[in-house]
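Dock chain D against the given chain S, drawing on the hints supplied.
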Amino acid sequence: MTLVFEPKANRPAPTNTVGFVGWLRQNLFKDIPNTLMTILGLYLTITVVGWVLNWALFNAVWDASSRRECLDLVGRSGACWPGVVEWLPNMIYGLYPKDQVWRINLGFLALIVWLVPLWMGGVKSKVAIGLSVVAFYPFLASYFFLGGDKGPIWTALVALGLWGLVWVWSTALCERRTGLSIGTWLAQRFADADNDIAQKRVRQAAALLLFVVCVGLVSQWSLSEVRTQFWGGLFLTLVISGIGITFSLPAGILLALGRRSDMPAIAMLSTLFIELFRSVPLITILFMFNTMLPLFMPAGTEVNQLLRAIVAVCLFAAAYMAEIVRGGLQAIPKGQYEAASALGLGFWQTTTQVVMPQALKIMIPTIVGNFIGLFKDTTLVSIIGLFDLMNMARAVGEDSDWLGLFIEPFFVVSLIYFVFCFAMSSYSIGLERKLSAGRDR
Amino acid sequence: MLNCQVGLPTPGFYSLAEDGTWSGADVDLCRAVSAAIFGDPDMVEYQSVTSAVRFTALSNGESDMLSRTTTWTAVRDTQLGLDFTTVNFYDGQGFLVPADSGITSALDLDGATICVLTGTTTELNLADYFRANGMTFTPVTNENVNVLVETYLGGGCDAYTNDKSGLAARRSAFPDPSAHVLLPETVSKEPLGPVVRQGDDAWANLVRWTVFGIINAEELGVTSANVMEMTASADPNIARLLGTEGNIGEGLGVSPDFMVNVISAVGNYGEIYERHIGENTPIGIPRAGTLNALWNNGGIIYAPPFR
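Each protein sequence line maps, in turn, to chains S and D.
Using numbering that gives the first Met the number 0, the first residue of the first sequence is number 0, and each one after it goes up by one.
Using numbering that gives the first Met the number 0, the first residue of the second sequence is number 0, and each one after it goes up by one.
Okay, chain S solo, but in the shape it has when bound:
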């Protein structure tokens, strides 16, 4: 008789260690201090959330014509939203003429349309599309926002913007269908496959034809001028921080490379610039550019106030970004450089193909942190008299109908800031996860 070992079936795990109950015991009620903290946390959350909900929703007033009416209805126990609702267009668009607001919407819509191909499958020229946004979109947007007369040069630049948008979409659609960019596809259709020169001609002719059409279209547009004094609210915040963010990354990369350069003049100038702008608070730089600079300029020269603020923000952001990029570059082991040299790559090839892709990946959290910081720092422009989102929110409580109403607009502003910052931060986490897929396997 042979003895066969027959293991008994495993007993099920104790019910209090698995499932929801198990998770609760493990994480929230493990021992006495843990339990106490859980109860305290729960109590605080319920109190705070309950208070906010009561104030913002259940006790709030939605229909009133002045703050006095709100106070008579609910006193201080509920929010008074009509004032914020009445001012919401201003908080978003500033003092921009209300019948022209569609231009701002159209401008931002154009940006979204421009960027959509970056998330479409089957599109190959994503780098070119990304660059085209930075290079051409500003012309299109600034014409939508600013309007006014346009001379031949300005017409050409705006047409270039339109050209970029049309090119992005035609090439994106073409690549999805045929796998070829629009230029290559046209060239292969209309020129001999072996004749490189003829292909190039076709491509150039197509680009030129499109440009001429764009110039024709743009010269028909006529938008009334809206001076930057009327820009404000979320729109102004997005313009300043958007330009600051877009400018700071390439400028920061160049400055960081400059500071690490072997050429003493470039290294010294870069270091000087970075240290100068990093050692001074943003508010001081804004002051310098806004109130001191006109003193040093010859009488009669007038540089737009918004432009001065934007330049100040850009230079400041570039200096910070440079140090972040330098930090990232230092994290790349020397072996990478040596390996690149061993393959015969020169400086620019090493930088763009080997070092930067790795360095930028490490830097994503810091870079995005810096972007978020910059987005919030732009509130400082309210001090030099630009009506950004914060300043506009403050103006609500000074309107004689809504005098003293300031918690409500600031509550809304903080929600807006939260949405934007949280979106940036979530996107960066997603990007990190995607880019580090290989390493974390």
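Hints are computed from structural coordinates only; laboratory data are not their basis.
Every clue listed holds true.
Interface residues of chain D toward chain S, partial, derived using beta-carbon atoms under 8 Å: (1) 15; (2) 16; (3) 19; (4) 52.
Virtual Cβ for every residue (Gly too), placed ideally from N, Cα, C.
Only chain D this time, still in chain S's reference frame:
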């Protein structure tokens, strides 16, 4: 275009409506000067900056004039390269306390916590007053009036101090205005008026005499409603003011009937006052019996004659 600098929106003096237009007593001075120069009160570009940069923005040429409740002091007039033209509002600093606190005089405030705006003469006056009376206080400062008011209402300080016009305006927006009282003391002199850059005397003259003009208009009974009929008046004072006689406009470099444009655009001093800060406005500061009444009516609003 006239670049006229006002402050961050403040009810009564320079307030921003949700349609983007500025209005208020100080804004009307900008409009008056614009009407005097261009014959059109709307040729004004408003600049709204914080108090901290107001003088720099004037001296660097960005603003042509400052019309924003700025107190005329010796230091500002002599050391900042500015020219105070005249006074269009006499204010003074006071204290607001809860009615049930039992405080009836500023001298009861020894050891109190006081909410005060930073970067203005208010802060300095407060320190002076307490030092002069041998009392101590703890300041609670902020640059945002609404934050201070909220602190005061929440019990964060025993008293809130500011110019009395501002205190009245803020109190009108309290949940229960009657639960707070203004103490009787006025602890400072705050003559407020338009300011220009030093070195352009003709420009200073124009601003100064536009203000004098609207004060004279009130004295002579010329209003925005009757200014056109008044141009036919036989009273030589009115004829000189409205330019039908004499050439006062010429000396200022504007058209002889510049005051007709000014008055039909913004009215006389009394009209401006009643429209923006008088009893029938949300701010509701009565004029009779205060310094801001006309000189022949118990106040000290007095302008040299147009002749």
